[in-house]
Each structure stands twice: as C-alpha cells, then as structure tokens.
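These protein sequence lines are chains F and L, in that order. Read in full-length UniProt numbering, the first sequence has 70 at position 70, and its numbers run on one by one without any break. Read in full-length UniProt numbering, the second sequence has 125 at position 125, and its numbers run on one by one without any break.
Don't take each hint at face value.
A pair holds if it fits inside one copy or across any two, identical chains being indistinguishable in the list.
What the hints assert, rightly or not - Taking lysine to any residue and the SDA-like style, the derived pairs with C-alpha atoms no more than 20 angstroms apart in a straight line are:
no., residue 1, residue 2
1, Lys127, Asp144
2, Lys42, Ile112
3, Lys66, Thr99
4, Lys187, Leu165
5, Lys187, Glu133
6, Lys42, Asp148
7, Lys187, Pro64
8, Lys127, Pro169
9, Lys66, Ala167
10, Lys42, Arg88
11, Lys127, Glu52
12, Lys66, Gly22
13, Lys66, Cys11
14, Lys127, Val172
15, Lys187, Ser174
These are computed hints drawn from the structure, not numbers from a lab.
2 protein chains.
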Amino acid sequence: MNQIIRFCMSCGQPTQDRTPEGDNRSRAVCGQCGEIHYVNPKIVAGAVAVYEDRVLLCRRAIEPRKNYWTLPAGFMENNETVAEAAQRETREEAEGEVTLHGLLSIGDVPHIGQVHMYYLGDLIEGKHSVGVESLETRLFSEADIPWDDLAFKTVTETLRYYFSLRARPGFVASAPGEPYQFTAQWKPDR
Amino acid sequence: MNQIIRFCMSCGQPTQDRTPEGDNRSRAVCGQCGEIHYVNPKIVAGAVAVYEDRVLLCRRAIEPRKNYWTLPAGFMENNETVAEAAQRETREEAEGEVTLHGLLSIGDVPHIGQVHMYYLGDLIEGKHSVGVESLETRLFSEADIPWDDLAFKTVTETLRYYFSLRARPGFVASAPGEPYQFTAQWKPDR
Chain F
1 MNQIIRFCMS
11 CGQPTQDRTP
21 EGDNRSRAVC
31 GQCGEIHYVN
41 PKIVAGAVAV
51 YEDRVLLCRR
61 AIEPRKNYWT
71 LPAGFMENNE
81 TVAEAAQRET
91 REEAEGEVTL
101 HGLLSIGDVP
111 HIGQVHMYYL
121 GDLIEGKHSV
131 GVESLETRLF
141 SEADIPWDDL
151 AFKTVTETLR
161 YYFSLRARPG
171 FVASAPGEPY
181 QFTAQWKPDR
Chain L
1 MNQIIRFCMS
11 CGQPTQDRTP
21 EGDNRSRAVC
31 GQCGEIHYVN
41 PKIVAGAVAV
51 YEDRVLLCRR
61 AIEPRKNYWT
71 LPAGFMENNE
81 TVAEAAQRET
91 REEAEGEVTL
101 HGLLSIGDVP
111 HIGQVHMYYL
121 GDLIEGKHSV
131 GVESLETRLF
141 SEADIPWDDL
151 AFKTVTETLR
161 YYFSLRARPG
171 FVASAPGEPY
181 QFTAQWKPDR
C-alpha cells in the first residue's frame with residue numbers, strides 16, 4: 001500500500017523519510033525544498049444496483065482478483081461526491097445507470113489504506129453491458145450469487161447485509177438525501 | 001486542492017499532464033518512466049464527543065479558520081480505520097479519550113477533494129485539555145454552541161443533526177459495531 005515517494009513532486013530532488021516538526025509520523029520530506037508528502041487512504045465507491053429482485057455483478061477483467069465477481073466500484077476522484085463516484089463506476093464497469101438510495105455499507109481495509117463505501121441503488125430499466133474493466137456483467141438473484149467467487153470481502157459483506165435487510169418485514173430503501181437508516185460497518189481484518 | 005505533481009515521485013524526472021490509455025481523466029504521467037500519479041480525495045475523520053449533555057469543541061490554533069471552533073477532526077492516516085482516526089484526532093487536538101457509538105454524518109466537500117466523517121462518542125470522564133493544534137478546548141451545552149464562530153460547514157451540519165437526533169423521543173445512540181441508524185449526508189455546495 002505505501003506509495004514510495006523517492007523524489008519530491010515539486011522540485012524533483014530526493015526525499016528523506018523523517019518525522020516533520022509537530023508531526024508524529026514519518027513522511028517523505030524533500031531534502032532540497034522541504035516539501036512534506038502525505039499519503040492517505042483512498043475511498044473506493046460502488047453500488048448495489050438492483051433490478052426487480054436481482055443484483056448487478058461484474059466479472060473483473062483486471063487484477064487484482066481478475067475473473068472474480070464484484071459489485072461495480074472503484075477509486076473516488078477529486079471533484080465528485082461519494083454518490084457520484086458510485087454512479088460513475090456503475091457506468092464505467094457495467095454501462096448501467098443507477099438512481100441511488102442511502103449508503104448501505106462502509107468497510108475499512110486498513111492494511112491496504114482503503115475505505116469501501118457502497119450505496120443501494122435502482123438499476124434503470126435493468127440495462128447493463130460489459131464495461132472496459134469487466135469480462136462479463138450479469139443480474140443475479142439471491143439464490144444464484146456466486147459466493148465462492150466474489151472478488152473482495154467488502155463485496156461479500158455488503159451483499160450479505162443487503163439480503164438480510166431486504167428480508168426484514170416492511171423494508172423500504174431510504175430516499176436519496178434522507179438520513180441513512182441502515183449503514184453497516186464491520187471490524188476490519190488486521 | 002489539486003496537488004501539483006511536477007516531478008515523478010519514482011524517478012524524479014518531469015511529468016506531463018495527459019490522459020493515460022484506458023483512462024478518461026488527465027493525470028501527471030512521468031515522461032521518463034511512465035508512472036501515472038493519481039490524486040484522490042482525502043477523508044477527514046472526527047468525533048462529536050459528548051459528556052453529560054455537553055459537546056467538546058476546540059478553538060483552532062492553525063489555518064485554515066484559525067480561532068474558529070471545530071469538532072476534533074483531521075486527516076485519516078494509512079493503517080487505521082475511520083473510527084480509529086476519529087479517536088486519534090480527539091486525543092491529539094483535545095487530549096480526550098472517546099468511546100465511539102455509530103457514524104453520525106458524512107459530508108462531501110468536492111471542491112477541496114475531501115469527505116468528512118463524524119462519529120458520535122462518549123468523552124471518557126469528561127476529560128480534555130488543549131492539544132497541539134488547539135488554542136482552547138471546552139464542553140458546550142446546546143444553548144452555548146458558538147454557531148457564528150464554527151470553523152466549517154460540515155461541523156455546523158453535524159452539530160445541528162446531533163441536537164435534532166437527541167431531541168427525538170426515545171433516542172439511544174447505536175452501539176459500536178451495530179449498523180448505524182442515523183448517518184446523515186447532505187448535498188454539497190458546488
């Protein structure tokens with residue numbers, strides 16, 4: 001996970017690992033201009049995109065976990081919200097458009113410096129097709145989810161949580177913009 | 001917000017702004033070794049730390065918004081969870097220890113590439129004192145919150161939301177590890 005910053009991104013001179021004054025962690029500090037380079041966790045945003053009673057999964061065309069099934073998700077970019085990132089990733093990986101409800105899950109993945117956040121959404125008209133980072137996209141009913149071939153633990157947990165929620169009597173997805181009623185979070189593996 | 005990456009952090013040679021193959025955004029790409037430098041949003045994690053009916057605020061010793069009041073919060077680091085970051089920031093900014101309940105709010109701040117996440121917590125024994133980035137720390141009752149002197153919009157929104165929740169009949173903070181019952185999210189200013 002730790003990006004290795006050997007050279008200063010401002011002046012191109014070598015960095016040194018040291019703890020800046022007033023800080024308590026080692027950072028890559030430029031030996032020439034003094035710039036401090038911070039490396040922080042990244043957000044992976046995605047969607048549980050539902051059509052009728054089925055959920056959209058994508059078979060990954062790229063590493064890590066090539067060939068395994070995942071929810072559409074990817075790195076959030078600057079200048080967008082978490083929700084917009086989830087919609088964009090669904091578009092890029094599965095050529096689907098989603099109307100979002102509330103945030104369904106937040107999963108810390110500290111050993112690789114990531115936080116995964118999944119929204120619940122409706123896949124418009126059930127339309128999807130294979131995006132650039134996918135080998136295949138498909139709508140799965142709960143009985144058909146390929147549990148042993150899911151790509152990431154946060155995908156498995158999010159799907160399990162979604163199906164457990166849906167099974168509750170009277171379950172209604174929260175409206176966009178409302179306080180989220182059911183965001184789950186789990187203890188990470190360490 | 002956009003960190004300017006003029007030089008490659010791997011080899012120190014100048015970068016060029018261009019859209020890598022298979023991507024759809026301009027990135028700083030090394031002209032020498034081809035490394036692509038991604039810049040993604042950062043998570044700011046913090047706590048609404050409550051003792052009896054009062055909330056802990058810190059008056060900022062540093063820019064931006066020096067002298068204004070804030071909830072203890074700061075950039076999440078690698079190798080920690082969002083919850084651990086909220087606890088660490090409360091320790092660093094206010095020398096307080098918090099037992100956390102659920103996640104209270106998520107605030108997108110896309111124009112500066114940040115996502116702010118606040119937990120609800122109990123400030124142990126009500127103890128706090130001035131941390132390195134604070135000029136003053138104090139427990140405020142709802143009636144005394146310095147609304148006009150709060151540092152950030154996400155702080156104002158999170159406090160308003162907390163007080164509105166607390167006013168509901170039968171309000172009980174969700175237990176740690178339980179699905180979060182009341183996480184709020186707002187449309188960002190654009």
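### Hints not upheld, ascending by number
Checked against the structure, the hints that fail are numbers 3, 5, 6, 7, 8, 9, 13, 14, while the rest are satisfied.
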